[in-house]
Every structure is written in structure tokens, then in C-alpha cells.
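Chemist: Chains A and B supply the protein sequences, listed in that same order. Numbered continuously in my numbering, the first sequence closes out at residue 483. Numbered continuously in my numbering, the second sequence closes out at residue 483.
A hint or two may mislead.
Straight line, CA to CA, 25 Å or less: simulated DSS-like cross-link-like pairs of lysine-lysine [what the hints assert, rightly or not]:
#, chain 1, residue 1, chain 2, residue 2
1, A, Lys256, A, Lys221
2, B, Lys477, B, Lys340
3, B, Lys221, A, Lys221
4, A, Lys477, A, Lys340
5, B, Lys256, B, Lys221
6, B, Lys256, A, Lys256
Chain B side only, calculated, beta carbon under 8 Å to chain A, not exhaustive [said to hold, decoys possible]:
#, residue
7, Asp240
8, His296
9, Ala299
These aren't lab readings, by the way, just hints derived from the structure by calculation. Fair warning: this is a prediction, and the values are worked out from it, not measured in the lab. Think of the CB as a built atom: it goes at the ideal place given N, C-alpha and C, for glycine as much as any other residue.
Protein chains: 2
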Amino acid sequence: MPNTLYLPELREMLAEANEAELADFCTELHPARTAEFMEGLTAKEAWAVLHHAEVPLRVEIFGFFEENEQIEIIETQDRAEIAEFIGHLPPDDRVDLLAEVRPWIVEELMPLIPSDERRDIQRLSAYPEDTAGAVMTTEFARLSEDLPADRAVQEIGRQAEELETIYYLYVVDEEDHLRGLVSFRKLVSAMGRPDTRVGELMERDLLTVNVADDQEEVARKVAHYDLLAIPVVDDEHHMLGIITHDDVIDVVREEATEDAHRIAAVDPLEVGYLETDLLTLTWKRGIWLTVLFFGAMLTAMVLGKYELVIEQYAWLMLFIPLVISTGGNTGSQSATLIITALSTGDIALGDWWRVVRRELVMGLVLGGFLGIVGYFCALVAAPSYLAAAVIPLTLLLVIVTGTLLGSVLPLVFKRLGLDPAMMSSPFVAGLIDVLGIIIYMKVALSVL
Amino acid sequence: MPNTLYLPELREMLAEANEAELADFCTELHPARTAEFMEGLTAKEAWAVLHHAEVPLRVEIFGFFEENEQIEIIETQDRAEIAEFIGHLPPDDRVDLLAEVRPWIVEELMPLIPSDERRDIQRLSAYPEDTAGAVMTTEFARLSEDLPADRAVQEIGRQAEELETIYYLYVVDEEDHLRGLVSFRKLVSAMGRPDTRVGELMERDLLTVNVADDQEEVARKVAHYDLLAIPVVDDEHHMLGIITHDDVIDVVREEATEDAHRIAAVDPLEVGYLETDLLTLTWKRGIWLTVLFFGAMLTAMVLGKYELVIEQYAWLMLFIPLVISTGGNTGSQSATLIITALSTGDIALGDWWRVVRRELVMGLVLGGFLGIVGYFCALVAAPSYLAAAVIPLTLLLVIVTGTLLGSVLPLVFKRLGLDPAMMSSPFVAGLIDVLGIIIYMKVALSVL
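Turn these sequences into a full structure, and let the hints steer you where they fit.
Modeler: Right under this line is the structure:
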């Protein structure tokens, strides 16, 4: 929520061109708080305030603005100034940002961006979305093996402000092949021994990711090994960039939200719920709702085939919602458990047989229990003890179908190289609806 | 998956007590890989191998073992050795670990743990689960304001191996009140100016969390501000500990998985899917499935009240699954969107009115569209153009009910201080089933 208390004062400072107070305002607080206090300023005002912060601080404060404010500033303020400023932004962030800026403005800005930075932007934007290449930053600390440790510390101290992280230092050869890694901590603890060289301190057995790897895979590695950053290399092991812990948190959160949306049959939103415009949101929901609608029509058609059976045994109709929702809920549970376990790496495709056995056992136990409960409920409506047996038998079969389909379908999707979360609960539930009705009617026909 | 290729060689080294090769094995690879190569060894063998690594490395390798292996080693190996080893483990990890060890073994171990560490364990285990206190570690770098920057760097270099992170340094006064923070980066870049004191470099406007804050809140802050670590303070602003980025990734993942499970009506699992025993898993699913079962029985009872209507207009029965599943799916979508947006902080309770308006509009648009589609489907089965109008009217009302209930219920739960994810899709869907049937029958009665 914007904190508007400070806005009048800020505007006054700007009107009076009160350099000293504006500079104080920029430096006194945590950059994140400074950004919060500035919410509500126009793009022009915000940019004027930022002029009073030195470049590294300006970059930091700007980084805490909401994305739409950032875009407005970039689109509306002096092109030459903005282009130079973009040159200072973290390489990964500016590529994401420029992707949202109107293309004709990007075209105007690009020639004004310093050439090294421009090439870097072009290189990074070429990587496909959701790959390591698209998430990485290209600013990291490079060292050579034969540098003495104490000189390395001084060297890094000098570059510190430019780099996204100085805490892992990468050792490369002349062709930029990644040879090893030294943590800054190790370097500092070796400062007492002046002859020690970087090569003696570095770890050679490295965890790396390939530039084409999926970001989910990257997040899993960084989380599993508790890393601050992971180096990104190409097929020839050239060092291309790093992915840092804060980007990994964003990826983990993004992927988890995407999974949750897919599980609920919503096409994943790219931005927050309130930022997504209504048309997009309606489309992202409507498309899947329509698909599921036709699934339900299929259930209606199947039911139509058995209309005569139900007219004959009217009490069977009462249990249609029960059969459908119990099957659907069981399937949802299994599908969600398997989808989340696949995401977190708890299970792999190789575990499919263990998963199927477990789900079969659970289906039998849950189906047996709810079958017994269902039998007593059915006795109220059914004409005889035997007729009531239709309900427990149906429930047992439907629940086992639910656990098996719910667990197997996400695994099959994963095997096919598709997102297992696409085989989301409503789809599983829809499929089990149709199967549930068929099972129900077949059981009824054979018992009655 | 365990890599068993190396096991015979490892066992041979142990049998021959080949000190040199075992020490090489421990140091040559990344500790995470060393741990992977050791999978499959017995607790006794693993502990014997670890003897050949120096303590800090031993702690690291041990940290990458699976939890059940860690517990087995702690429970079965020499008590005095284990107790001393526990003294070296990261404070937050060892508390989590001891919580899983059999209580009588913990009782035997505790008196053998060095007293400082023992008190630390007792203090940390006192914090309620899922609070900042329970996640934090107590090993962080403390500095005083008047220490010169270059002395501070040397000081930290000396302590480096003991600390979980040396990259944020906390400045405290004599009573341990948190006064400020210096990043190691800043300290290093000030080394050239020998008179600079820590107090001049430190930031005074800090982001902190209270020891009683919920871990979800902590994760949100660290993620939003891209921090490496966040300090944990008590109500008097005493510095108690820090929470580091790697723990935050775990929290984000844990909370997302919990949400997903709740959304699918599974009581959240404490460990991975395959590690959860079948009985627990069946219970965690069965209990909610039973609750939902009785919800569905309610639907059956409601349907029973209208049995005569349906006997008179048999074609209405065909559309029962359609009405139920469309309402349920719409409700699921809304509930999941709102639950995930609340989790990631995209929406707050104060936004409820905007949310309700958006969901109402979406409900009308989606309901209008699917109503039109439904009308044409209904024409096939219904006896007249007028009679078929029951279906679009019902769909419109059910879908609007779905979007409104699906969005409002999680908000109400949040307002009541409950987990909004408890108001999960199956519950919303179950509720809409009952309402859907009532709406369907009321509409049918008034049209026909």
C-alpha cells in the first residue's frame, strides 16, 4: 500500500529544488523504503528525485519501484538519460524490463545505450523464456588462477559496486572456460598467508547449469545445495553468467503459483491477480472452463444413454452427485500430490511403480471405508439391502479409478515432456465424472 | 537416486583403513557429491568415512545426507562423539534434527553437548513451529560501531568458518540491541581508507522481523527485498539471530506445497510423498474425503426433495453433472486465484471490494458465454425453446455464485485469522454443488 504521508513534502522539495534535502531523502532510508515513500509521484517527479541519488543507489531505489512505474519512467523521460541509466541496471533485470516497454521506444533507446551493454542486452534477450539463459545475469567476478589471494581481495573490493554478488568468485582460463570457484570467505581467511594463490584455494568440482536448462531445474539445484549463486555454462563449459539466490526465490514462487493455477484449470497469470486486466483473466479462465464444460456435456451424453435405467430406478439419481464428487475429489488429491512431488523433486519418473502401488492401496482403503459409510446412506433410499449394494461397489471402483488416474496421468504427461500440472485436478475430475457414471450404471445394471 | 558405483571401493578403503584415500575422497568433490556417493553405506560405515574429514567439512557433508540417514547416525553411533559433533552443526538445523530423534536418545545426548551449545538448542527449540524464531540461526557476525573497517575484515576472516554467512555483519551495542548493518562488500571497499570505522559505513534503517512473526511473512520480506539474510529481533530490538536466503527458499517451497495440498483437500504432508507412510497418507486424505463425502450426501438430500420435479421432467437429470461441475470448476478457479494471490502478497484484505467487483464481472461474462453454449446443448434434450432456457439461466446464476463464493470465502477465512487455503477448492465446490442443485431446481420450477 502506498505511503502517501511524505508526498507533499517531497513535492515541496522538488518545487524549491532543495538539493540537500532531496539528497538526504535518497540516502537516509533503506532503498526499498525510499521507493515506498515515492509511490504516488508522477514518472517525471520520481525521475527528478532520483537525480539526487548517485548511480548505484539510483539503480537500487529504481529496482524497488513497481514494474509499471519503472516502465512509465523509461517510456516518458529523456531518452539519452534513460539509455545511459539502462546501461547501469542489472543485466537480467533490464532485459526483463525492456521486454515490457513499447517496441518503438526500445528501438529509439537501443542506439543510445553504450555498446557493450547493448550487445549484452541483445545476447540475453535471445535466450528462450524460462531457461537458465533468460534468468542469468552476466555481471560476476572473474579471477585467474595465479592471482595471489590478497591481491584478489583488493581487486574484488574495487569492483564490488558493479557486481551483483561478490561472494562467489569464478576462476576462468584465457578462453573463458570455467575452471573453479573461490568463495570470498575463503579468500579472506587466506589473506594472512600472502603467497597463497587463487588456484590453490579454489574448488574444482563445481555445480553448474547449462544455459538451456529449464529454470525449474536450476531452482531445484540451488535450493538443494543451498547455494548463493550457480554458474551458467554452455556446452563447451564456457562461463556465461550466474543465477543468484534472489532470482531463484522468484522462480520457486513463480513456478509454485503457476502449478497452483494449472491445477485449478486457470492458464497461469504472468503478473499479479489485480494487475491482470479483466479481459485477459476472463480469457485465461474461460478457455479452460469451456473445455471442461464440454467434458461435462460428455457426462450428460453418457447419462442420456442410461436414461431408461434411471427412470426405472429413480433413487439412483440421488447418488449421482455423490459418485461424481467423491471420484473427482479422490482424483484431485492424487493428482495434486503427484504434481507437487514431481515439482519439488520428491518423486521421479522412475518411481512410477511405487506410486501406483501406493495409490492402489490407498484407493482400496479409502474406497472400502467410504463404501461402508455409503452403504448405510444408500439403505435410506434403496428398495432393498441388495439394491443398496450398488452404492458401495460403485464408490470402491470409482475411488480406485480416481487414485490410479490421478496419479498416473501427471506421470504420463511428465514422460511425454509436457507439464504434469496440465493434467490438473479438474481434468482428472472431468474424466472420472464420465468414467464414474459409466461404472455406476454398469454396476447398477448387473446388481439390479 | 543413489550412485552405488563407488560403494565397493569405499568399503575396501574402510576395510584396509586406508587413511590417505579416505581423506582424499572426503575433500576432492563438492560435499554434496561426496554425500551422494556415500548413499547406501550403513550408518556405521558413513560415520567411519566422515572421521576422515575435518570438522567443518564433516558438518557440510553430513548436511547433504538424507534426513533419515542423519537420524540413524545420531541414534546409533557413539554418544560422546555424536554430542560433540552436534555442537558443531548449524544451530537451526540441529534443532530441527533433534526434534526427529527418539526422545530418550536426545535425553542421553543433551548432557554430553557442550554447555553453550546445549543452552542454544534449548532456547531455539522453545520457539513455536513456523515462527521466525524456529527458522533462525544464532550464528551471525557481530561488530561494534567503533571498530576500524580493516580490523573488522580481519576479524571476520578469522571467524569465517564458524559462521553461517559472513556477508552481512550486524552492529550491536553492549546490551545487544541491533544498531545497524554493514555488508561485507562495503567493508572491503572501505579497506583502502584505514581510519574508516564500522559506524560510518553501516546502514541504520534496517529491515527486521520479530521473533514471533510467521515464517510466511519472513519469506515474503526476504523475497521482496532480495536479501541475503534478515535479522530477527525481540520486542526490545535485541538481536537474536538471522534467517538466511537458503532457509527462505525452503520456506517458500514448503508453504507453496502446503497451499497446493490444502487446495486439493489433503492435510499437508510433513515430509515427501514417498517418505510419508501409507497409514498417515490415507488418514490425511481420508479425513477430508469423508467431510466432503457428507457434503455430497447433503447434495443428494437436497436432490431428494426435488425428486418429483425430476421424475416429471426427466431431461433435467442429464444436466445435473454439468451444473455441478461447471459451478465447482468456476469456484475452484476463483478460490485458487485468491489463495495464491494472498500467499504471494499480490492482494491484501483491504482489496476485498476490488476483488468482489472483478469476480462479479467475470462471473457475468463467463456465465453469459457458457449460458449461450449451454442453451444450444439444452435444445437437443429439452421439449421446447422455453424449457431449454432453464439451463442458461441456471448456468449464469451458478457461475456467478461460484466466482463470488470462491473469492469471498478465502478472504473471510483470512480475516478470521485462519489459513485461506483451508477454504480450498473442494470445499467451495462442495458448497456450490448444494447451492447449484437448489438454484437449478428453483429455476426449473419457475420456468416450467
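Chemist: Decide, hint by hint, whether the structure agrees.
Modeler: We went through each hint and held it up to the structure:
1. A:Lys256 / A:Lys221: With Cα atoms ~22 Å apart, A:Lys256 and A:Lys221 stay inside 25 Å; holds.
2. B:Lys477 / B:Lys340: Judged against 25 Å, a Cα distance of about 12 Å means the pair holds.
3. B:Lys221 / A:Lys221: holds (18 Å)
4. A:Lys477 / A:Lys340: holds (12 Å)
5. B:Lys256 / B:Lys221: holds (22 Å)
6. B:Lys256 / A:Lys256: This hinted pair holds, its Cα atoms lying about 23 Å apart.
7. Asp240: Status holds, d = 5 Å.
8. His296: With a closest approach of 7 Å, the B:His296 hint holds.
9. Ala299: The hint holds - B:Ala299 has a Cβ within 8 Å of chain A, the shortest such distance being about 3 Å.
Checked against the numbered hints above, the structure violates none of them.
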